[in-house]
Amino acid sequence: MKVTKKRTRIAPIFKSVTKQGIGASPGTPIYIGDREPVDATYSLIQYNDTTISVATPESIEEIILMQDPNMINWININGFANEVDYKRLCGFLKLDSLTAEDIINTKHRPKMEDFGHYLMVIAKMITAKENEGQAFEQISFILTENAVVTFQERPGDCFNPIRQRLKANGKLRKLGTDYLLYALLDVIVDNYFSVLEVLSVRLEAVEDASVSAKESKSFMRGMQNIKTDLNHLRRIMWPVRDTVSELIHAETPLVGETIAPYLRDLHENVIQVIEVLDNYRETAAGIQDVFLSSVSTRMNEIMKVLTIISTIFIPLSFVTGIYGMNFINMPELSSIWGYPAAMGSMALIAGGLIFFFKHKNWL
Amino acid sequence: MKVTKKRTRIAPIFKSVTKQGIGASPGTPIYIGDREPVDATYSLIQYNDTTISVATPESIEEIILMQDPNMINWININGFANEVDYKRLCGFLKLDSLTAEDIINTKHRPKMEDFGHYLMVIAKMITAKENEGQAFEQISFILTENAVVTFQERPGDCFNPIRQRLKANGKLRKLGTDYLLYALLDVIVDNYFSVLEVLSVRLEAVEDASVSAKESKSFMRGMQNIKTDLNHLRRIMWPVRDTVSELIHAETPLVGETIAPYLRDLHENVIQVIEVLDNYRETAAGIQDVFLSSVSTRMNEIMKVLTIISTIFIPLSFVTGIYGMNFINMPELSSIWGYPAAMGSMALIAGGLIFFFKHKNWL
Amino acid sequence: MKVTKKRTRIAPIFKSVTKQGIGASPGTPIYIGDREPVDATYSLIQYNDTTISVATPESIEEIILMQDPNMINWININGFANEVDYKRLCGFLKLDSLTAEDIINTKHRPKMEDFGHYLMVIAKMITAKENEGQAFEQISFILTENAVVTFQERPGDCFNPIRQRLKANGKLRKLGTDYLLYALLDVIVDNYFSVLEVLSVRLEAVEDASVSAKESKSFMRGMQNIKTDLNHLRRIMWPVRDTVSELIHAETPLVGETIAPYLRDLHENVIQVIEVLDNYRETAAGIQDVFLSSVSTRMNEIMKVLTIISTIFIPLSFVTGIYGMNFINMPELSSIWGYPAAMGSMALIAGGLIFFFKHKNWL
Amino acid sequence: MKVTKKRTRIAPIFKSVTKQGIGASPGTPIYIGDREPVDATYSLIQYNDTTISVATPESIEEIILMQDPNMINWININGFANEVDYKRLCGFLKLDSLTAEDIINTKHRPKMEDFGHYLMVIAKMITAKENEGQAFEQISFILTENAVVTFQERPGDCFNPIRQRLKANGKLRKLGTDYLLYALLDVIVDNYFSVLEVLSVRLEAVEDASVSAKESKSFMRGMQNIKTDLNHLRRIMWPVRDTVSELIHAETPLVGETIAPYLRDLHENVIQVIEVLDNYRETAAGIQDVFLSSVSTRMNEIMKVLTIISTIFIPLSFVTGIYGMNFINMPELSSIWGYPAAMGSMALIAGGLIFFFKHKNWL
Amino acid sequence: MKVTKKRTRIAPIFKSVTKQGIGASPGTPIYIGDREPVDATYSLIQYNDTTISVATPESIEEIILMQDPNMINWININGFANEVDYKRLCGFLKLDSLTAEDIINTKHRPKMEDFGHYLMVIAKMITAKENEGQAFEQISFILTENAVVTFQERPGDCFNPIRQRLKANGKLRKLGTDYLLYALLDVIVDNYFSVLEVLSVRLEAVEDASVSAKESKSFMRGMQNIKTDLNHLRRIMWPVRDTVSELIHAETPLVGETIAPYLRDLHENVIQVIEVLDNYRETAAGIQDVFLSSVSTRMNEIMKVLTIISTIFIPLSFVTGIYGMNFINMPELSSIWGYPAAMGSMALIAGGLIFFFKHKNWL
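Residue numbers (the working numbering), protein chains in the order written: chain A, -9 to 353; chain B, -9 to 353; chain C, -9 to 353; chain D, -9 to 353; chain E, -9 to 353.
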């Protein structure tokens, strides 16, 4: 049996202090994360009720120049390469140094903070791969009066439906930055449901495997991985729920009254995700119980049959042993019916034992 | 052993995002559910203290035309086929777009929402089949000043007692739409008790099966299904409890002071359902404990008896082995009493061992 | 092995909807319970500071006629046979229809409700039988300014100490109906302690049984019954605690300031019952742990000894097998010392193995 | 195997109703407890800033006569023998009848109650004996403006340090009765820490026993006793914590502002006791896990080795069986090399099996 | 098997009353701790916006003389040797006697207390050693308007980054004592992350060990140690979290508005530590589950194979037994084909059994 050294993944979603340096001054923006930081790319969508323009600026400077206070500006930034540019942007948006640090620390818990002239929201985009578990990508939002800035760890996101709805001129174009923020969060949460679907497929696969399961260990490891992923998701979902809840109750002019029902709807969706997760945890526990019980039953069954076979033959062997003894005075041996009688008595013994076992319901 | 692939059912009661499309604009009414949507059928009961009329209109238009603001209108809609009609109805009732979406999403959690000129309540009708588990059907209520609209997924409900009490001219005819809403919810909750009865029958069946249980696996799977159903019910009951509780404390003229005691009574009933569910969970856990313990005891018993049989015969076989040796100088062999002496000593050994085992209380 | 089909008792303490009929109008007084309703019998005790009269009226009419507003009237009713009489009484006491329904539904949870001119309290009288578990009897109280009405399911209660103290002219005679209610509740709660004593006897019996326990299954079932009873009690005690707590904080002139310390004392007693129950649960779990561990140890011990016996004899049998072979060229066989040498070497092997097992601490 | 009938101790710390009589009038002082009530003995310490006098009065009358309102009077009473005296004292102190009952019910939960002109505090003194578990003694305090009365179940307490500090004229002499109460409670809580030390010794003893443990059952029972004791302690500590917390927040002139920080310190100490108890529970659970795992490993190890021995010899015995057959046509038998060849092949088989087992890492 | 007596560590982080003496007057500063108290050493850093001076005074007197109310004074004290000096310092800082006692009791729980003219904060510095578990060192802070005093148990801390940042003249030099306190706490919390890293390494080591694990017991013990350490950390972290939370909400002029965001950031970090700890607990439980399951599977596998080998040979031995019998009338024996036929039939039996086992999927 070859042992493949697959480790249970340990806490891959949290702050790793060794990269930051203990005792660094707070507010120091240092990139924290598992991925190699990529060169930042930018996109800028400016729209109002009537017009919309999509641009892919080359630099922060360009973005700043292109700002139009009469339109809603959605600035999207992928990656955090250039420190100078990053500080320039933070300065332009008048971000607090702690905000600047939090955005770049991609191991942060989801949260919402109100800084008066802007709101910061940290969320997590989750991608589930059927075989390799889950990838978490932090996405931070800055909401100001006329802009939403989104910071992603790297290119590739789930916002294309929003981009299309913006171009299609719907409700999204008529409402403010708060509704854009809501729409983006909504897409992220909707995405969680597809993560759940992948998990349900994995759960079904593990369950199917459990039926034939000879490989108790691989089942346990697979089950363990699912449980770990469920725990990581739960750990993300609870602060997401709190974040949305705080958004609902935020006393800031940046979040208008009109989007309250949408945020409540979002809140319900997050709760639903949490409930499905709890459901999956119970289901996983149930599958494991059935599996363990079936493994143990199977083993018992095998041992029972094997022991019964032994138990039948041991008395028979004893009989052959008797007539294999070399005593001179064994009248049975010299009788012409001795051999068939011995064989017959052995058949009788075997039959009796089998009958006894059947009667006892052991066979 | 044939393996029938019966999967543990995984979360069949929640939103399935794949059908909706990620990032769809909120408020888009898209049918979400496991059932094929059926053609909508309608019924309209109009009553007041003195008169009552029952109609089965063919279309939404007809319903709208038949509205009488001086009577209480109970509009019941089964199925959600025609989108145009549905939007027409929502327009007539002045429903919020989020309400329209929630009604048609049949995977929604039970909840109550107050929109000023109407209340929306989402509940679940549950049908328990003794062999096939439980079927959940979402039922949404719109409560306005002079109408109650009920949206069901398909024809067939548990409201016939209400229809009869309406015809029988009792208290129901004298009170307003809020009391009608209460009466409908009360029937739904009363129905939960019969679901509980079916569950108790299933629990008893599983317990009876556990007594004879040779099939550990099938027991575990049956038990697992009951546990899953109990969990699904609990997951439904908690939000139902909150919904009723919110109705009690709703500060809206739509729910009058007079029905407060009835709603409190309803609340108590829901709590009782939850308590019975908890009780069943404990009972199920208890049955499983006893079963597992009895399986293990039985197995141990078998192994013990078999091992004891072997243990008695092995020394005896050793004795026969001795006298089966071919040494020339074995005086016992040539003695005329050798054979009976050997047999006697073997009988002695066997008896001694049996006595020893009995003494040790092992037999 | 004869299988006696003793079912774990499933939820015998809750509402059974099948008897009531789903969708019955609320406030319809329908008897719900497991017992055959008995013909109602009545007793009436009227007392004040100076005089006391005890009567056993034949009918409700008689009771109503005998009411004396200047005395404290304790009306006790056993059984709910006559519907007309029952409605007459409710009318006389001006009971709400929901109250009338709750009283007659003997599966109701303990609760307290304030209806302005009267208070309703529902409690449970528990009788513990050492062999048959527990019997629950619902007892409902109506507290008005000058009367306490007690509804019992059937004759036979634990109120005799109160009757004696009333006759003995103590504090009870000097205080109002609220103190009478307190005194009755206090007796009921005091009674719980004797239920606890019976449970502790049962726990000790189960523990004693566990020492000799060959019958793992019967132990598990007995333990399971105790656990079920503990759970039922807990399920009763929590709402009883809430009921008393609500009585303490009830803002009604019916419950005077003077009895607040007595109610607090009652509250403490209920909490003590709950604590003892929790203690018993832990004790039960502990006994079960010790039992299971001792069963498994015992089994292991037996299997070990048996296997050791086999293991010693198998090599010896091998030796006899060698010298039972029929090769012509086996010099040992023809040696005069062959036989004793073989026997000696077998003794050596056996001794060596025994020494080895002892050394390894396996024997 | 001799079975010593050591019962798990069941709830020895609670009210036993059988001694009290169900339905006794509340406020009736009846001694409740496990100990034989002893004749009461008294001590009286009177002190102020400048003088101190210690007396051991013979009777309550004497104590009452000796009261000096200008000094702080600490009256200590051991045992509750004389009912007349007890009532006389309660009358002198103007104690509520419920207080009088609570003091004498030595199974009461720790609590604090404010009666306006006096405070009652019930606490528990705990003595831990290394072999016999724990003894609980109830101690009740009455705090008035110029007196602290302590009621103990019997002579012997942990207050000697206080008596010495009183004589030594320190802070204790300068402050009021509230500080004396605090000081007495502080000693009691300090004493809990030595109970914890005894428990830690017992835990270590059980752990040491677990290493050599052949006696699974005695280990389990010892562990169970420790767990029971931990649970009893926890059950005492939680109300003690609440009692101290209520003392801190008591709005009574009897407890001055100046001792608030001392009470907070006391509160922290109680919390620390609770935390250590939780820690011990976890440690106990951990020791048990390791023990059970080691028992099972040991058993498995033994069974494995024994089975391997059998498995090696069974094929060998088969070979000897072959050459023990009496067929006439067995050329090997008549060959001169037959015997050594058979022995050699058996050695080969044995070696091969051993190699195989080693290769599989089973040996 | 040599048994190394490694005890599970029991509660090494709490108050040990035996050293203090039960009933000692509160506020008596007595050193409580596991370490030998060392001679105190002092350091004093005085700074403001423009200048900074670092001194290592020889005595408390010197420190007091060097105080400069116009600068921020950071007094660091390692060890608590000289009682006179300690009292002198407490007097100079006007510390409450309870504060003086708490500082010197190095087993205290983390807490924060506001005494008006100063704040006391107690925290824990943790050092993790990969092989020897964790060392806890208590560190107490006194925050006054112009001084921060830090009390450590012994020389050696994690504050060097702060000392460097002070010299480097950054934000730290511009803000007040509250920011210095925050910075020191921040370093301590940052340090917890490196403790977590060590724990993750230990978890991985245990997991790696579990793969090859023959030594079930040593695995269990290692796992138990990790769990104990996780529990100790959690027990420290919760009060640390509360302490920071209280600092945030402290209504004292000593903690300014400006550092609120920094404290919130600190709070988030502590929560993150707690979450990682919870994650580790789950991971540890998961690893243990997989290990136990794999041990049991492995054992079952071995027993199965061994039993199968026995089961194949026992019927074969029976056949050889038959033809080893000495009956005169056994025609097979004298047939020339008897021997090969017997061998062939045995081969057939063996093959049949193997086929049967393979068919049953047991091999």
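Because the hints were derived from the structure by calculation, they are not lab data. Predicted model only: the values in this text are computed from it and were never measured. Incorrect hints may have been included.
[Unchecked claim] Simulated pairs of lysine-lysine, PhoX-like, Cα-Cα distance not exceeding 25 angstroms:
no.	chain 1	residue 1	chain 2	residue 2
1	B	97	B	77
2	E	350	A	348
3	D	350	D	294
4	D	207	D	119
5	C	207	B	348
6	B	97	A	350
7	C	294	C	207
8	A	161	B	350
9	D	119	C	294
10	A	294	A	207
11	B	350	C	294
12	C	164	B	348
13	B	164	C	164
14	C	348	E	207
15	D	294	E	207
16	B	294	B	350
17	A	84	E	164
18	D	294	E	350
19	C	294	D	348
20	A	77	E	161
21	E	97	E	119
22	E	97	A	207
23	B	350	C	207
24	E	294	A	350
25	A	207	D	97
26	E	101	E	77
27	E	164	A	77
28	B	350	C	350
29	E	348	E	294
30	E	350	A	294
31	C	164	D	84
32	C	350	B	294
33	A	207	A	119
34	D	119	D	84
35	E	119	E	207
36	E	77	D	350
37	D	161	E	294
38	E	84	B	207
39	A	164	B	77
To see whether the hints hold, each was checked on the structure:
Pair hint residue 97 (chain B) plus residue 77 (chain B) holds up; C-alpha atoms about 20 angstroms apart against a cutoff of 25 angstroms. Straight-line distance between C-alpha atoms of residue 350 (chain E) and residue 348 (chain A) comes to about 20 angstroms, which keeps the hinted pair within the 25 angstroms bound. Restraint check for residue 350 (chain D) and residue 294 (chain D): satisfied, since their Cα atoms lie roughly 13 angstroms apart, inside the 25 angstroms limit. Proposed proximity of residue 207 (chain D) and residue 119 (chain D) is supported: the alpha carbons are some 22 angstroms apart, at most 25 angstroms.
For a cut-off of 25 angstroms, the pair hint linking residue 207 (chain C) to residue 348 (chain B) stands: about 21 angstroms separates their Cα positions. A C-alpha spacing of about 51 angstroms is found between residue 97 (chain B) and residue 350 (chain A), which places the hinted pair above 25 angstroms, so the restraint is violated. Straight-line distance between C-alpha atoms of residue 294 (chain C) and residue 207 (chain C) comes to about 23 angstroms, which keeps the hinted pair within the 25 angstroms bound. A threshold of 25 angstroms between alpha carbons decides the hint, and for residue 161 (chain A) with residue 350 (chain B) the separation of about 85 angstroms lies outside it, so the pair is violated.
Between residue 119 (chain D) and residue 294 (chain C) the alpha-carbon distance is near 38 angstroms, which puts this suggested pair outside the 25 angstroms criterion. For the given pair, residue 294 (chain A) sits about 23 angstroms from residue 207 (chain A) by alpha-carbon distance, which is consistent with the 25 angstroms threshold. As the CA atoms of residue 350 (chain B) and residue 294 (chain C) are separated by approximately 14 angstroms, the hinted pair is consistent with the 25 angstroms bound. With a CA separation close to 71 angstroms, the supplied pair residue 164 (chain C) and residue 348 (chain B) exceeds the 25 angstroms bound.
Between residue 164 (chain B) and residue 164 (chain C) the alpha-carbon distance is near 47 angstroms, which puts this suggested pair outside the 25 angstroms criterion. Distance hint between residue 348 (chain C) and residue 207 (chain E) is fulfilled; the C-alpha atoms sit about 22 angstroms from each other, no more than 25 angstroms. Note on residue 294 (chain D) and residue 207 (chain E): the hinted pairing holds, with a Cα-Cα distance of about 17 angstroms set against a maximum of 25 angstroms. Taking the CA atoms of residue 294 (chain B) and residue 350 (chain B), the gap is about 13 angstroms. The hint holds against a cut of 25 angstroms.
Between residue 84 (chain A) and residue 164 (chain E) the CA atoms are separated by roughly 21 angstroms; this keeps the pair inside 25 angstroms, and the hint holds. Of the pairs offered as hints, the one joining residue 294 (chain D) and residue 350 (chain E) holds, with about 24 angstroms between alpha carbons and a cut-off of 25 angstroms not exceeded. Of the pairs offered as hints, the one joining residue 294 (chain C) and residue 348 (chain D) holds, with about 23 angstroms between alpha carbons and a cut-off of 25 angstroms not exceeded. For the suggested pair residue 77 (chain A) and residue 161 (chain E), the alpha carbons sit about 18 angstroms apart, so the restraint of at most 25 angstroms is met.
Restraint check for residue 97 (chain E) and residue 119 (chain E): the C-alpha separation of about 20 angstroms stays at or below 25 angstroms, so the hint holds. Restraint check: the Cα-Cα separation between residue 97 (chain E) and residue 207 (chain A) comes to about 44 angstroms, which exceeds 25 angstroms; the hinted pair is violated. Between residue 350 (chain B) and residue 207 (chain C) the alpha-carbon distance is near 21 angstroms, which keeps this suggested pair within the 25 angstroms criterion. A hinted pair counts as satisfied when its Cα atoms are at most 25 angstroms apart, and residue 294 (chain E) with residue 350 (chain A) qualifies at roughly 24 angstroms.
Of the supplied pair hints, the one linking residue 207 (chain A) and residue 97 (chain D) is violated, its CA atoms being roughly 53 angstroms apart against a limit of 25 angstroms. With a C-alpha separation of about 22 angstroms, the suggested pairing of residue 101 (chain E) with residue 77 (chain E) holds against the 25 angstroms cut-off. Annotation: proposed proximity of residue 164 (chain E) to residue 77 (chain A) holds, straight-line Cα distance about 22 angstroms (limit 25 angstroms). A distance of roughly 23 angstroms separates the Cα atoms of residue 350 (chain B) and residue 350 (chain C); the hinted pair therefore holds under the 25 angstroms criterion.
Distance check on the hinted pair: residue 348 (chain E) and residue 294 (chain E) sit about 13 angstroms apart at the alpha-carbon level, within 25 angstroms; holds. Restraint check: the Cα-Cα separation between residue 350 (chain E) and residue 294 (chain A) comes to about 14 angstroms, which is no more than 25 angstroms; the hinted pair holds. For the hint pairing residue 164 (chain C) with residue 84 (chain D), the CA-to-CA distance comes to about 21 angstroms; that is within 25 angstroms, so the pair holds. Between the alpha carbons of residue 350 (chain C) and residue 294 (chain B) the distance comes to roughly 24 angstroms, so the proposed pair stays at or under 25 angstroms and holds.
Using a Cα cut-off of 25 angstroms, the hinted pair residue 207 (chain A) and residue 119 (chain A) holds, with the two alpha carbons roughly 22 angstroms apart. The straight-line distance between the Cα atoms of residue 119 (chain D) and residue 84 (chain D) is roughly 38 angstroms, outside the 25 angstroms bound, and the hint therefore fails. Restraint check for residue 119 (chain E) and residue 207 (chain E): satisfied, since their Cα atoms lie roughly 22 angstroms apart, inside the 25 angstroms limit. Between residue 77 (chain E) and residue 350 (chain D) the CA atoms are separated by roughly 70 angstroms; this puts the pair beyond 25 angstroms, and the hint is violated.
Taking the CA atoms of residue 161 (chain D) and residue 294 (chain E), the gap is near 76 angstroms; set against the 25 angstroms cutoff, the hint is violated. Proposed proximity of residue 84 (chain E) and residue 207 (chain B) is contradicted: the alpha carbons are some 73 angstroms apart, above 25 angstroms. Restraint check for residue 164 (chain A) and residue 77 (chain B): satisfied, since their Cα atoms lie roughly 22 angstroms apart, inside the 25 angstroms limit.
In the structure shown, a violation is registered for the earlier hints numbered 6, 8, 9, 12, 13, 22, 25, 34, 36, 37 and 38, in ascending order.
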